[in-house]
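Peer 1: Each chain is listed here by its residues.
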Amino acid sequence: MQTLADDGELIRAAQRGDMASLEILLDRHHDRIRAVCAKVVGRGADADDAAQMALISIVKNLDKYDGRAQFTTWSYRIATNAAIDELRRRKRRDSDSLDDDENHLQVVGTTDIGNASTAKIVIDDALDQLDEDFKLPVVLRDLCGLNYDEIAEVLDIAPGTVRSRIARGRGKLADIIGDVGDDENRNDVTSGGNQSTNPDVQGSDND
Amino acid sequence: MTENRYDDELLSAIIDGEATPESVAAVEADPVARQRLSDMATGVDIVASPVPEATPERRAQSIAAAMAAATPAAPEVTSLSAERHKRDEKQKKSGRPPGWLIAAAAALLLFILATPVLFNSGSVDTATEAADIAANAADEVVEEVSGDDGEEAMEDEEEAMEEEAMEDEAAGDAAEASGNAADTAVIESTADDADSAVAQSSVDLDIETVPSIEELELLIDDAAIIPELSTNDLLAFDTSLTRAGGGTDEVLATTVNEACFNTDQTIGNETPYSLVILDPFAGGPTLVLVEFNDDGTTRFLNAETCAVLR
Numbered sequence: 001m002q003t004l005a006d007d008g009e010l011i012r013a014a015q016r017g018d019m020a021s022l023e024i025l026l027d028r029h030h031d032r033i034r035a036v037c038a039k040v041v042g043r044g045a046d047a048d049d050a051a052q053m054a055l056i057s058i059v060k061n062l063d064k065y066d067g068r069a070q071f072t073t074w075s076y077r078i079a080t081n082a083a084i085d086e087l088r089r090r091k092r093r094d095s096d097s098l099d100d101d102e103n104h105l106q107v108v109g110t111t112d113i114g115n116a117s118t119a120k121i122v123i124d125d126a127l128d129q130l131d132e133d134f135k136l137p138v139v140l141r142d143l144c145g146l147n148y149d150e151i152a153e154v155l156d157i158a159p160g161t162v163r164s165r166i167a168r169g170r171g172k173l174a175d176i177i178g179d180v181g182d183d184e185n186r187n188d189v190t191s192g193g194n195q196s197t198n199p200d201v202q203g204s205d206n207d
Numbered sequence: 208m209t210e211n212r213y214d215d216e217l218l219s220a221i222i223d224g225e226a227t228p229e230s231v232a233a234v235e236a237d238p239v240a241r242q243r244l245s246d247m248a249t250g251v252d253i254v255a256s257p258v259p260e261a262t263p264e265r266r267a268q269s270i271a272a273a274m275a276a277a278t279p280a281a282p283e284v285t286s287l288s289a290e291r292h293k294r295d296e297k298q299k300k301s302g303r304p305p306g307w308l309i310a311a312a313a314a315l316l317l318f319i320l321a322t323p324v325l326f327n328s329g330s331v332d333t334a335t336e337a338a339d340i341a342a343n344a345a346d347e348v349v350e351e352v353s354g355d356d357g358e359e360a361m362e363d364e365e366e367a368m369e370e371e372a373m374e375d376e377a378a379g380d381a382a383e384a385s386g387n388a389a390d391t392a393v394i395e396s397t398a399d400d401a402d403s404a405v406a407q408s409s410v411d412l413d414i415e416t417v418p419s420i421e422e423l424e425l426l427i428d429d430a431a432i433i434p435e436l437s438t439n440d441l442l443a444f445d446t447s448l449t450r451a452g453g454g455t456d457e458v459l460a461t462t463v464n465e466a467c468f469n470t471d472q473t474i475g476n477e478t479p480y481s482l483v484i485l486d487p488f489a490g491g492p493t494l495v496l497v498e499f500n501d502d503g504t505t506r507f508l509n510a511e512t513c514a515v516l517r
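Protein sequence lines correspond, in order, to chains A and B.
Counted from 1, the first sequence has number 38 at position 38 by the working numbering; the numbering is strictly sequential.
Numbers in the working numbering are just positions in the second sequence, counted from 1, shifted up by 207.
Computed footprint of chain A on chain B, listed as stretches where at least three residues anywhere in the stretch have a Cβ under 8 angstroms from a Cβ of chain A:
| # | region |
| --- | --- |
| 1 | 217 to 227 |
| 2 | 241 to 249 |
| 3 | 258 to 266 |
Ranges between beta-carbon positions, derived for each pair:
| # | chain 1 | residue 1 | chain 2 | residue 2 | range |
| --- | --- | --- | --- | --- | --- |
| 4 | A | A5 | B | A232 | 47 to 57 angstroms |
| 5 | B | V239 | A | D133 | 26 to 36 angstroms |
| 6 | A | R93 | B | M274 | 26 to 36 angstroms |
| 7 | B | E216 | A | R93 | 29 to 39 angstroms |
| 8 | A | P159 | B | A236 | 29 to 39 angstroms |
| 9 | B | A276 | A | R93 | 20 to 30 angstroms |
| 10 | A | D6 | B | A267 | 22 to 32 angstroms |
| 11 | B | P238 | A | R68 | 41 to 51 angstroms |
| 12 | B | C513 | A | R92 | 37 to 47 angstroms |
| 13 | B | A232 | A | R93 | 42 to 52 angstroms |
| 14 | A | A158 | B | C513 | 45 to 55 angstroms |
| 15 | B | A272 | A | R93 | 14 to 24 angstroms |
| 16 | A | G8 | B | V239 | 42 to 52 angstroms |
| 17 | B | T227 | A | A20 | 43 to 53 angstroms |
Hints were generated in silico from the structure; no laboratory data involved.
No residue lacks a Cβ here, since even glycine has one placed at the ideal position from N, Cα and C.
Let the sequences and hints guide you as you build the complete structure.
Peer 2: And the structure:
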């Protein structure tokens, strides 16, 4: 039995000024939005800032949301924009020190890579080294589970470009992992599709 | 498969389950391609791995900040010091008169405002006394509202206090707070002292000594009661202020007529409107909407009828 209103109901109520519905909506989507921001900006504190800006942007633009796109897709667009803005603010702050481990993206759990600490450093560096053009589609695909068409909609680029950028972004990550990883402990991969292993992040159903 | 073993688009397609079984089999048969695919898949898994959660406090803070952004009609009050700076620059260019002259204009204007009441009074005292009362009232207005009494040393401190007050208002109901406070400053000081004058004097005043347009404009520029507010604030301005006198209350202010706003003007932080209450043009105190246009011109409108006063 579904006891909670779906997103559509919450959005419509929020657009009518129902603050309680708006708060439920924000609470429901915060973790998903923050996860995207965290992957893109790479640092916890900055991810929180970016997520907050994304939520504010959602609130301020909610009256413009017309329901043609899924709310998750629409909010991913806002989240990625907020994350990019945060990255640019960080560059301007000129305090891009990477020696604060607490603020680094931590990779835990699902990856059976031989040396976890090495993997953590690797992925921090790898994601940081990826250009935004490649990082965003990779994150939207592999973290959020969006399909190519949805990513194209979020990023406002052609699906073919999405496919190419995802391949190049994954290739770049593979280059870095291949350089430092433990070959003997790497996973074998079989075909059958990519599944997000992050419970906080759910893609659309039509993937 | 040798020629395709580093074709990342093919490997990526395999990861996404979009490659043909033949392609998959070919890659798996090639150790180098298989290793590349494995590295790529490891990257995918790492990207898909969970991120550390935000602390409950930070999470709540983000949501609260967003909820605050949804608060309707959040007042947007322009920094008074910034406004003063702009006016100072304008003054330098135009060679406008010093603050004491503005204060004098304020005194004169309030004197005029008190005139109808004075005319209606039956008791008589001296013209000098009435003028002194009105001038004192004007001093209070100038000091309370504009902070511009001509003494530069005082001005900075008063500006800081005003700015702080304005920021406080921005956190709450700025329109009503600043509007009422400012109105009260004008109306109460005018009315109370004028009523005192009524009680004790009736004078033969020279009603022709109405301030010139230029003087009034300077007064409004320098003693703007409410700096720039959003249109929502202005529309919420419904003080229905009254001035006690003659046994009945006289309504001095009314709600701003939405039709008065120029829809071409930017709404928000750049909202180019201000409100003043004094309006000798219309023969009595009314609410005046001041519109600052992009070309630097200023229009004064009757905020109720939208009639252009200036």
